[in-house]
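Q: In the order they appear, the protein sequences are chains A and B.
The numbers in the first sequence follow the numbering used here, run straight up by one, and end at 120.
The numbers in the second sequence follow the numbering used here, run straight up by one, and end at 125.
Rather than coming from a laboratory, the hints here were simulated on the basis of the structure.
It is possible that some hints are incorrect.
As the list claims (entries may be wrong) - Heads up, incomplete: computed chain A residues facing chain B, CB under 8 Å, no partners named:
#1 L18
#2 G23
#3 K24
#4 P36
#5 N39
#6 Q88
#7 S92
#8 I96
#9 G111
As the list claims (entries may be wrong) - Now the in silico label distances, taken between C-beta atoms and shown as ranges:
#10 B:S29 / A:E61: 24 to 32 Å
#11 A:G48 / B:T31: 33 to 41 Å
#12 B:T67 / A:K8: 32 to 40 Å
#13 B:S92 / A:P120: 43 to 51 Å
#14 A:T85 / B:S29: 29 to 37 Å
#15 B:G51 / A:Q88: 18 to 26 Å
#16 A:G112 / B:R21: 19 to 27 Å
#17 A:I19 / B:S12: 30 to 38 Å
Computed from a predicted structure; not experimentally measured.
We treat Cβ as the ideally placed atom computed from N, Cα and C, and that holds for glycine.
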Amino acid sequence: KNQVEQSPQSLIILEGKNCTLQCNYTVSPFSNLRWYKQDTGRGPVSLTIMTFSENTKSNGRYTATLDADTKQSSLHITASQLSDSASYICVVSGESAGNMLTFGGGTRLMVKP
Amino acid sequence: SAVISQKPSRDICQRGTSLTIQCQVDSQVTMMFWYRQQPGQSLTLIATANQGSEATYESGFVIDKFPISRPNLTFSTLTVSNMSPEDSSIYLCSVAGRANYEQYFGPGTRLTVT
Numbered sequence: 008k009n010q011v012e013q014s015p016q017s018l019i020i021l022e023g024k025n026c027t028l029q030c031n032y033t034v035s036p037f038s039n040l041r042w043y044k045q046d047t048g049r050g051p052v053s054l055t056i057m058t059f060s061e062n063t064k065s066n067g068r069y070t071a072t073l074d075a076d077t078k079q080s081s082l083h084i085t086a087s088q089l090s091d092s093a094s095y096i097c098v099v100s101g102e103s104a105g106n107m108l109t110f111g112g113g114t115r116l117m118v119k120p
Numbered sequence: 012s013a014v015i016s017q018k019p020s021r022d023i024c025q026r027g028t029s030l031t032i033q034c035q036v037d038s039q040v041t042m043m044f045w046y047r048q049q050p051g052q053s054l055t056l057i058a059t060a061n062q063g064s065e066a067t068y069e070s071g072f073v074i075d076k077f078p079i080s081r082p083n084l085t086f087s088t089l090t091v092s093n094m095s096p097e098d099s100s101i102y103l104c105s106v107a108g109r110a111n112y113e114q115y116f117g118p119g120t121r122l123t124v125t
């Protein structure tokens, strides 16, 4: 069964600090992995999309890594801001079944002043 | 990118009633999707809305409970029928972008069933 697991479930950090969110998946065959940010009351917004051949991708203060061999990804947030408070969702797409998306449970990040 | 709007943004409904949620996209798209996000949970795909044919439902979701319309390439509706408190969720419309792997989400409709 295709699964995506994220850790931690929730995280509180101080403004200006860095943090790293983890994502492990079992989706096979693998097509791509995405990280989304979901603000409270909003739909998810894409941060990064990585395919098998990419092992790192940045979007401003967000840097995602992918190890397709170990089926792990991380999202690193640098110099956190209050506006980074949101849920971060790891989503993996498989090559079969019409590129069905498998969603992780998300990590709730709270950045405190 | 695609800009997606949903109506209503939120509603409080009584059990046994039905609610129709509208999704409008600012460009023509082939694939539209409806997701449910229960409180504290991640997203679950309800169905894929196909233009000109019946929607394709995922396991655990049926047409009688969640009828979907897709009259054209920019619009779709999802109806939550005979609602119960267990249907209280955020319902999100999503479309596949033109670039590889892009997928965009609407702002969601927050439904509370009392």
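Q: Quick one: which hint numbers does this structure break? Sort them smallest to largest.
A: 1, 2, 3, 4, 6, 7, 10, 11, 12 and 14
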